[in-house]
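> Here is how the chains run, residue by residue.
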Amino acid sequence: MKHGLFRAAALAIGIGAAFPALAQDKILNVSYDIGREVYEALNPLFIAEWKEETGKDLTIDQSHAGSSKQARAILEGLPADVVTFNQEIDVDMLAKGGMLPEDWRAQLPNNASPYYSLPSFLVRKGNPKNIRDWSDLAREDVQPVFPNPKTSGNGRYTYLAAYAYGLDQNGGDAAKAQELVKAIFANVPVFDTGGRASTQTFAEREIGDVLITFEAETGAIAKQYADKGFERVTPSLSLFSAFPAAVVTANADKNGTAEVSNAYLEWLYTPEAQEVIAQNFYRVNDPDVTAKHAAEFPEVKLVTVDEVFGGWDAISAEHFAEGGILDQVFVNQ
Amino acid sequence: MPALVQKTPMPGLRLSAGITLTMLSIVVLLPIGALLLKGASFGPGNVWEVVNRERVWTALLLSFRLSVFAALFNLVFGVLLAWVLVRYDFPGRRLVDAAVDLPFALPTAVAGIALTTLYAPNGAFGQLAAQIGWKIAYTQWGILLALIFVGLPFVTRTVQPVIEEIDREVEEASATLGASRPHTLRHVILPMLTPAALTGFALALARAVGEYGSVIFIAGNIPLKTEIAPLLIVIQLEEFNYDAAAAIGIAMLLISFAMLLAINIIQIVSRRKMGHV
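Those protein sequence lines, which keep their order, are chains A and B.
The numbering of the first sequence is our numbering, which starts it at 1 and goes up by one.
The numbering of the second sequence is our numbering, which starts it at 1 and goes up by one.
Worth double-checking, as some hints may not be accurate.
Claimed, not checked - Quick list of in silico lysine to any residue cross-link-like pairs, SDA-like style, CA-CA up to 20 Å:
| hint | chain 1 | residue 1 | chain 2 | residue 2 |
| --- | --- | --- | --- | --- |
| 1 | A | 51 | A | 176 |
| 2 | A | 182 | A | 328 |
| 3 | B | 225 | A | 143 |
| 4 | A | 223 | A | 204 |
| 5 | B | 225 | A | 223 |
| 6 | A | 125 | A | 298 |
| 7 | A | 69 | B | 237 |
| 8 | B | 135 | A | 143 |
| 9 | B | 273 | B | 213 |
| 10 | B | 225 | A | 331 |
| 11 | B | 38 | A | 75 |
| 12 | A | 26 | A | 49 |
| 13 | B | 225 | A | 322 |
| 14 | A | 69 | A | 223 |
| 15 | A | 69 | B | 242 |
| 16 | A | 176 | A | 318 |
| 17 | A | 69 | B | 240 |
| 18 | B | 135 | A | 186 |
| 19 | B | 135 | A | 26 |
| 20 | B | 135 | A | 204 |
| 21 | A | 228 | B | 117 |
To be verified - Derived coverage of chain B by chain A (criterion: at least 3 residues anywhere in the stretch with Cβ under 8 Å from a Cβ of chain A; other residues may be distant):
| hint | region |
| --- | --- |
| 22 | 11 to 21 |
| 23 | 154 to 161 |
| 24 | 206 to 213 |
Stated by the list, open to error - Among the chain B residues that face chain A by a calculated CB cut under 7 Å, a handful are:
| hint | residue |
| --- | --- |
| 25 | 51 |
| 26 | 55 |
| 27 | 109 |
| 28 | 138 |
| 29 | 221 |
Keep in mind that the hints were calculated from the coordinates and are not lab data.
Beta carbons: idealized from backbone N, C-alpha and C, even for Gly.
Build the full structure now, drawing on both the sequences and the hints.
Pasting the structure below:
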């Protein structure tokens with residue numbers, strides 16, 4: 001009896017391995033660290049839709065980690081069919097490595113960013129330190145918490161947003177902007193290596209007065225720690241943070257998953273998907289969904305990396321390179 | 001069956017030696033070789049330029065200094081623990097004995113988060129420490145604590161079998177010859193334990209130097225204050241600077257190698273001394 005079962009199982013596995021295409025479609029979505037919840041909500045909907053449209057069963061495997069780390073893993077052989085990242089430079093890395101076309105931004109609407117977010121604030125109950133904007137983070141009595149910009153894309157956005165605010169407030173004076181960012185960095189009590197670790201530090205260890213992370217995260221954290229009464233504060237100005245999506249064509253062509261991979265990413269722009277994404281506190285472009293959730297997303301002046309910094313290449317060279325502006329404000333505290 | 005008779009007393013020596021060397025090459029020598037190759041292609045001058053920065057020196061110094069402290073603590077405490085576990089019988093001894101291995105089994109991230117939870121200013125022990133103005137988590141104390149934790153089993157586990165082998169008669173003989181207990185400890189017991197304890201010390205040290213997962217949660221990671229060298233490597237990787245990451249890796253490798261070599265030499269010397277006793 002036992003043997004019979006084993007044999008049947010072995011046979012089933014053998015068949016499955018020999019004819020994977022017949023058994024079902026399967027794609028691997030390699031994604032950023034904090035995207036677990038949104039894709040957990042999205043994937044079952046697309047799987048149902050795909051079944052209805054094509055009659056095929058689809059499995060979507062998810063892999064979540066820091067998106068730079070993920071890009072590195074794909075370059076080293078992780079067989080991702082699609083990537084959904086939170087940093088455009090990491091998709092560019094894949095393009096440079098020949099994993100997908102250089103013009104990946106043109107493959108999907110809105111520069112291949114189905115949704116977006118921005119660095120925003122989460123403060124303690126009642127906002128006791130009255131933190132409203134980036135300038136408050138430089139006050140001596142305020143301890144901001146955000147991840148290390150050297151290891152976290154999330155931290156890099158925070159750095160750039162604060163810098164952009166500094167430029168905006170001082171008529172483009174780079175020295176003044178650096179002064180502001182330096183003062184903010186000097187107030188940080190703990191630099192965790194990733195966004196979720198910073199959340200732990202702020203929410204569980206109760207360190208710091210304000211957590212700076214993507215607006216989508218502030219929403220999710222406020223919901224998760226509802227008993228602690230954290231409050232979301234949107235600064236007056238912030239940085240448009242694209243969440244780019246792309247088909248890893250080199251892998252998808254090899255795996256025969258190009259069609260389903262494209263359909264999956266295009267589906268992210270449908271009202272159905274956009275609604276789910278908005279419920280996960282990301283800002284979307286669909287006008288109806290945006291109008292419905294208007295109350296949750298306060299007005300904010302959004303600037304882009306291209307406008308303020310002249311693109312990611314310029315940022316890498318000027319800010320993030322060894323000995324660049326980030327190192328100067330970071331280390332010389 | 002005469003064909004199956006082995007010519008040497010060691011059965012399958014060639015085969016097992018071959019397998020061992022192949023495994024050793026794949027698991028240990030190849031990665032280290034790749035690291036050195038990466039450094040060689042980067043150029044010694046460039047490697048030196050990466051390492052010779054204030055931030056890198058500070059991190060290297062911090063990592064190795066705290067690792068030595070942690071290993072020294074584990075040396076003393078580990079021998080003590082091994083002694084207690086072997087020589088005394090008390091309720092729960094087996095439980096404690098089993099618990100010694102926990103730092104091996106626990107994922108380091110779990111250990112790091114657990115320690116941070118306990119020693120953060122709002123944690124159970126962190127609150128007590130805060131009352132006397134002692135900050136543990138997010139300071140160098142926190143790093144030391146994590147390094148002690150991950151290195152604890154090494155000394156205990158290497159010394160334990162040696163203590164089990166020591167005959168009571170040796171101590172009794174020492175006592176009947178008129179030696180005081182401290183004298184017996186100093187001149188009879190400790191020399192026998194030294195080689196094993198040093199091995200444990202070296203292992204604990206090596207483990208602490210390379211530790212990343214648990215430290216990263218409790219360190220605070222403030223540049224020049226609580227930033228460990230392995231974090232700098234991760235930072236370089238995060239920015240796709242493979243060469244700079246390899247450079248710091250090579251620096252750590254060389255320093256570790258020098259330290260382990262020194263410990264081995266001490267060990268050889270102490271073994272020789274033992275031989276003359």
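> Indicate, hint by hint, whether the structure satisfies it.
These are the hints, each one checked on the structure:
1. 51/A / 176/A: 56 Å, violated
2. 182/A / 328/A: 8 Å, holds
3. 225/B / 143/A: 17 Å, holds
4. 223/A / 204/A: The given pair, whose Cα atoms are some 14 Å apart, holds under the 20 Å limit.
5. 225/B / 223/A: Since the Cα atoms of residue 225/B and residue 223/A sit roughly 35 Å apart, the hinted pair is violated (cutoff 20 Å).
6. 125/A / 298/A: Judged against 20 Å, a Cα distance of about 19 Å means the pair holds.
7. 69/A / 237/B: 8 Å, holds
8. 135/B / 143/A: 17 Å, holds
9. 273/B / 213/B: 40 Å, violated
10. 225/B / 331/A: 10 Å, holds
11. 38/B / 75/A: 18 Å, holds
12. 26/A / 49/A: Since the Cα atoms of residue 26/A and residue 49/A sit roughly 15 Å apart, the hinted pair holds (cutoff 20 Å).
13. 225/B / 322/A: 19 Å, holds
14. 69/A / 223/A: With Cα atoms ~28 Å apart, residue 69/A and residue 223/A exceed 20 Å; violated.
15. 69/A / 242/B: 13 Å, holds
16. 176/A / 318/A: Given pair residue 176/A, residue 318/A holds - Cα atoms ~16 Å apart, limit 20 Å.
17. 69/A / 240/B: Holds: residue 69/A and residue 240/B sit about 9 Å apart, inside 20 Å.
18. 135/B / 186/A: The hint holds at about 19 Å.
19. 135/B / 26/A: Violated - the C-alpha atoms of residue 26/A and residue 135/B are around 50 Å apart, more than 20 Å.
20. 135/B / 204/A: Holds, because 17 Å separates the two Cα atoms, which is no more than 20 Å.
21. 228/A / 117/B: The given pair, whose Cα atoms are some 18 Å apart, holds under the 20 Å limit.
22. 11 to 21: violated (count 0)
23. 154 to 161: violated (count 0)
24. 206 to 213: It is violated: at least three residues are needed, and the region 206 to 213 of chain B offers just 0 whose Cβ sits closer than 8 Å to chain A.
25. 51: 12 Å, violated
26. 55: Check passed: Cβ of residue 55/B comes within 6 Å of chain A, closer than 7 Å.
27. 109: With a closest approach of 10 Å, the residue 109/B hint is violated.
28. 138: 5 Å, holds
29. 221: 4 Å, holds
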